[in-house]
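Student: Each chain, written out:
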Amino acid sequence: MSGVSDRNAAWRQQLRRDIPGKERTSIERVRMPEVDPVERIKSQRIEVNKGLTPEMAVLEAKRCMDCINPTCMEGCPVKIDIPGFVKNIERGEFLQAAVILKNTSALPAVCGRVCPQEKQCESKCFYIQKLDKQPVAIGYLERFAADYERESGRVSVPEVAPANGIKMAVIGSGPSGLSCAGDLAKKGYDVTVFEALHEIGGVLKYGIPEFRLPNRVVDAEIDSLKKMGVKFVTNFIVGMTDSMEDLKSEGFKGFYVASGAGLPRFMNIPGENYNGILSSNEYLTRVNLMGADSEESDTPVYHGKRVVVVGGGNTAMDSVRTAKRLGAERATIVYRRSEEEMPARIEEVKHAKEEGCEFMTLTNPVEYIADENRRVKQVKVQKMALGEPDASGRRSPVPVPGSEYLIDADVVVVAVGVSPNPIIPRSVEGLNISSKGTIIVDEKTMESNIPGLFAGGDIVRGGATVILAMGDGRRAAEYMSERLTTERI
Amino acid sequence: MNKILSKTYFSERVVKLEVEAPLIAKARKPGNFVIVRVGEKGERMPLTIADADLKRGSITLVVQVMGVSSRKLCALEVGDYITDLVGPLGKPTHIEKVGTVLACGGGVGVAPLLPIVKGFKEAGNRVLSVIAGRTKDLVILEDEIRALSDEMIIMTDDGSYGKKGLITEGMEEIIKREKIDLAVTIGPAIMMKFCEKLTREYDVPTIASLNAIMVDGTGMCGACRVTVGGKTRFTCVDGPEFDAHQIDFDEMLSRLNGYKDTESEKLHEFEK
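Those protein sequence lines, which keep their order, are chains A and B. Those letters in the first sequence? Residues 9 to 497, by this note's numbering. Those letters in the second sequence? Residues 136 to 407, by this note's numbering.
It should be emphasised that the hints constitute simulated quantities derived from the structure, not laboratory data. Just so we're clear, the structure is a prediction, and the values are computed from it rather than from any experiment. Don't be surprised by glycine CBs; every beta carbon is placed ideally from N, CA and C. Among the hints, a few may not be true.
[Unchecked claim] When the alpha-carbon atoms are kept at most 30 angstroms apart in a straight line, the in silico DSS-like pairs for lysine-lysine are as follows: (1) A:Lys256 x B:Lys138; (2) B:Lys161 x A:Lys261; (3) A:Lys239 x B:Lys328; (4) B:Lys176 x A:Lys50; (5) A:Lys132 x B:Lys311; (6) A:Lys235 x B:Lys176; (7) B:Lys328 x A:Lys385; (8) A:Lys175 x B:Lys138; (9) A:Lys175 x B:Lys190; (10) B:Lys161 x A:Lys175.
[Said to hold, decoys possible] Quick list of the computed label-pair ranges, beta carbon to beta carbon: (11) B:Lys161 x A:Gln142: 50 to 60 angstroms; (12) B:Ser399 x A:Ile277: 27 to 37 angstroms; (13) B:Arg335 x A:Ile277: 20 to 30 angstroms; (14) A:Ser411 x B:Lys366: 52 to 62 angstroms; (15) B:Lys311 x A:Ser442: 50 to 60 angstroms; (16) B:Glu212 x A:Tyr487: 29 to 39 angstroms; (17) B:Arg269 x A:Arg224: 41 to 51 angstroms; (18) A:Pro459 x B:Glu257: 50 to 60 angstroms; (19) A:Lys313 x B:Pro323: 26 to 36 angstroms; (20) B:Pro323 x A:Pro397: 35 to 45 angstroms; (21) A:Ile277 x B:Glu257: 36 to 46 angstroms; (22) B:Pro157 x A:Glu451: 33 to 43 angstroms.
Bound conformation, chain A alone:
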């Protein structure tokens, strides 16, 4: 690897000498080319961000100072060699950049698109830490390298250790499971991923819409895993189709449970079960996984004229923007805190606004009103004020008495969070579960109280991010392997 990612390699020293620091820091951060809002809301399948051109990518890569202690890497949960891949982009070795990315991340084209970089790698960039300037666009560059490699048709497969014949089971094919599977395969294990749905990818397929993450991009990364020898079994629910005990007797030595937090939360307010009110999971699954936006699909979805989406996270943004693309005249976010507290990525909020989505902040639904056919027609909302900061530092919303009023809605999408799916916790006897239904694991090793059973991602964290789930998968793969080689599970 040394020639490719060694900071002291001659080519890299040369790059640092070629351009003085002052010149690098005077370059403006690149702007992501986007499809015009009027055009892009015509279809669910038009990706909003168009990606960087090679010229843009090289120029942006020049901004990176190739720091001695690259703090950006501390901000990345899977510890990608950021300067290593960025400097390869700078020297025009785009395929080499992709190789470096794939050493640590099973899904670079995905992460480059959906990670909240402003809270992770980019927040630790020298530019923002020391210069008070816009950070290097690490996410855009990661996406560029991965897309370039995919489109070049010269996709590299990461090096895989000689097969050791030891079978490992990964339960769930979302980002956490895929990351763990990739790392185990690299170590030479015989990995099988079990997935309950008919498609591989978890939230990357059923949750995140095509306009943010095209399915073909996800499939290309899954193909890479297949080439590394990872096997996939769809329509298989561990704990229902077959038990973990049965899999053990078939020779599986280690288990990584990454079944996610798929159970949608509702608010338990009057009228919530009227027709036209659905969870964001149902709404997004119908459209993203089942293709309900297309006439050819057998799966229906509600097309509302006036859609209200409750919540302020990425799922809420995905839902409200999906509503717009399904032809809603008005699509409105109703969020109980102020915009400042919104957990959604800043970019997604910006995109939603450009697309004409409306925002009603400091507002919370308290009741739904239906017509004579039990179809929702109005939402009774209440004004909220921000009270004292809570334990997490966020100011908690407090209802303003007597402030209720009605807004019209023929479709309501509830995006107020998810809870862990109960199937696995229910099916493994003696497994330690928290009061919230998450699997309790050792924070360092990701192992549960059942020897050989590891877990990570949302089934451990509750609803979190793609990249944190991937970080868990990496860590689990490391310790699963260690446990097998040192003490045998």
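Take the given structure of chain A and dock chain B to it, following the hints.
Tutor: Chain B only, in chain A's frame:
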């Protein structure tokens, strides 16, 4: 996998399919269901498992032609494959020895009733069955249910077979005559609603197996939610069986019609 091993017509619109699914056949229990998908554009559709054959590694599904998806499934022939089949799903029926069990099934609901009748019979209960259909053509699995029941009544709306009248009339005849410890009802939602009403009058504990709209079937979306005892529950993971006296059937009936307009549009398109 998922190969169709045999296909039998109960009537023009009701089909019995035996599908290769060795793992599901081994793991399933009475009350469990599967989700099937036919074709790459197909939707996910829940179907209760009517029977399983461990030797043949197969499960039996009974399908009534209703909309696009059931039509596509029923159009498959022996040797064809179902694109996707996943299960067993849902909580199994709680079967124990309770005494006398009144088993009530309407239309294709008789198919999922069959394993439950079998289970209660094997657990040592006296099982009395009432099966119903709108007309003679829609009465299915008569011989199978009879073989497992201590007594059986057949009801048809038009009197073309068995006794003339609704399923509740047959049920009432038995309830009036002897003490029933548990009633089980499976069929169209409207039928279960009236069964529940009747058994409530007579104070008979009753379980109903609900047929909600589903997407994933694994607890991920809440499309199948239903109010039971004032609380929202998900039919796919908390059910499909619930205490019938606690179910808000009116809400359930309205939710089943949620996509009616689109469904009939799609069916119209499909028929063209």
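Student: Now, for every hint given, state plainly whether the structure supports it.
Tutor: Okay, the hints, checked on the actual structure:
Between Lys256 of chain A and Lys138 of chain B the CA atoms are separated by roughly 27 angstroms; this keeps the pair inside 30 angstroms, and the hint holds. Pair hint Lys161 of chain B plus Lys261 of chain A holds up; C-alpha atoms about 23 angstroms apart against a cutoff of 30 angstroms. Between Lys239 of chain A and Lys328 of chain B the alpha-carbon distance is near 47 angstroms, which puts this suggested pair outside the 30 angstroms criterion. Our distance criterion of 30 angstroms between C-alpha atoms is met by Lys176 of chain B and Lys50 of chain A, whose separation comes to about 21 angstroms.
Among the hinted pairs, Lys132 of chain A with Lys311 of chain B is inconsistent with the structure: their alpha-carbon atoms are about 77 angstroms apart, more than 30 angstroms. Distance check on the hinted pair: Lys235 of chain A and Lys176 of chain B sit about 27 angstroms apart at the alpha-carbon level, within 30 angstroms; holds. Between Lys328 of chain B and Lys385 of chain A, the direct Cα distance comes to roughly 27 angstroms. Compliance with the 30 angstroms bound is thereby established for this hinted pair. Distance restraint check for Lys175 of chain A and Lys138 of chain B: the Cα-Cα separation of roughly 28 angstroms lies within the 30 angstroms cut-off, and the hinted pair is therefore satisfied.
Proximity of Lys175 of chain A to Lys190 of chain B is assessed by CA-CA distance (about 28 angstroms); at most 30 angstroms being required, the pair is judged to hold. Between Lys161 of chain B and Lys175 of chain A the CA atoms are separated by roughly 23 angstroms; this keeps the pair inside 30 angstroms, and the hint holds. About 59 angstroms separates the C-beta atoms of Lys161 of chain B and Gln142 of chain A, a value consistent with the hinted range of 50 to 60 angstroms. Look at Ser399 of chain B against Ile277 of chain A: about 31 angstroms separates their beta carbons, and that is inside 27 to 37 angstroms.
Judged by the Cβ atoms, the range 20 to 30 angstroms given for Arg335 of chain B and Ile277 of chain A holds: they are separated by roughly 28 angstroms. Look at Ser411 of chain A against Lys366 of chain B: about 28 angstroms separates their beta carbons, and that is not inside 52 to 62 angstroms. Hint check: Lys311 of chain B to Ser442 of chain A, Cβ distance near 51 angstroms, so the stated range 50 to 60 angstroms holds. About 50 angstroms separates the C-beta atoms of Glu212 of chain B and Tyr487 of chain A, a value inconsistent with the hinted range of 29 to 39 angstroms.
The hint said 41 to 51 angstroms for the Cβ distance between Arg269 of chain B and Arg224 of chain A, and at roughly 48 angstroms that hint holds. Between Pro459 of chain A and Glu257 of chain B the beta carbons are some 37 angstroms apart, a value that contradicts the proposed interval 50 to 60 angstroms. At roughly 32 angstroms, the beta-carbon separation of Lys313 of chain A and Pro323 of chain B lies within the given 26 to 36 angstroms, and the hint holds. Distance hint for Pro323 of chain B and Pro397 of chain A: a CB-CB separation of about 53 angstroms, inconsistent with the stated range 35 to 45 angstroms.
Against the hinted window of 36 to 46 angstroms, the Cβ-Cβ separation of Ile277 of chain A and Glu257 of chain B comes to about 45 angstroms, which satisfies the hint. Pro157 of chain B and Glu451 of chain A have their C-beta atoms about 40 angstroms apart, which keeps the hinted 33 to 43 angstroms range intact.
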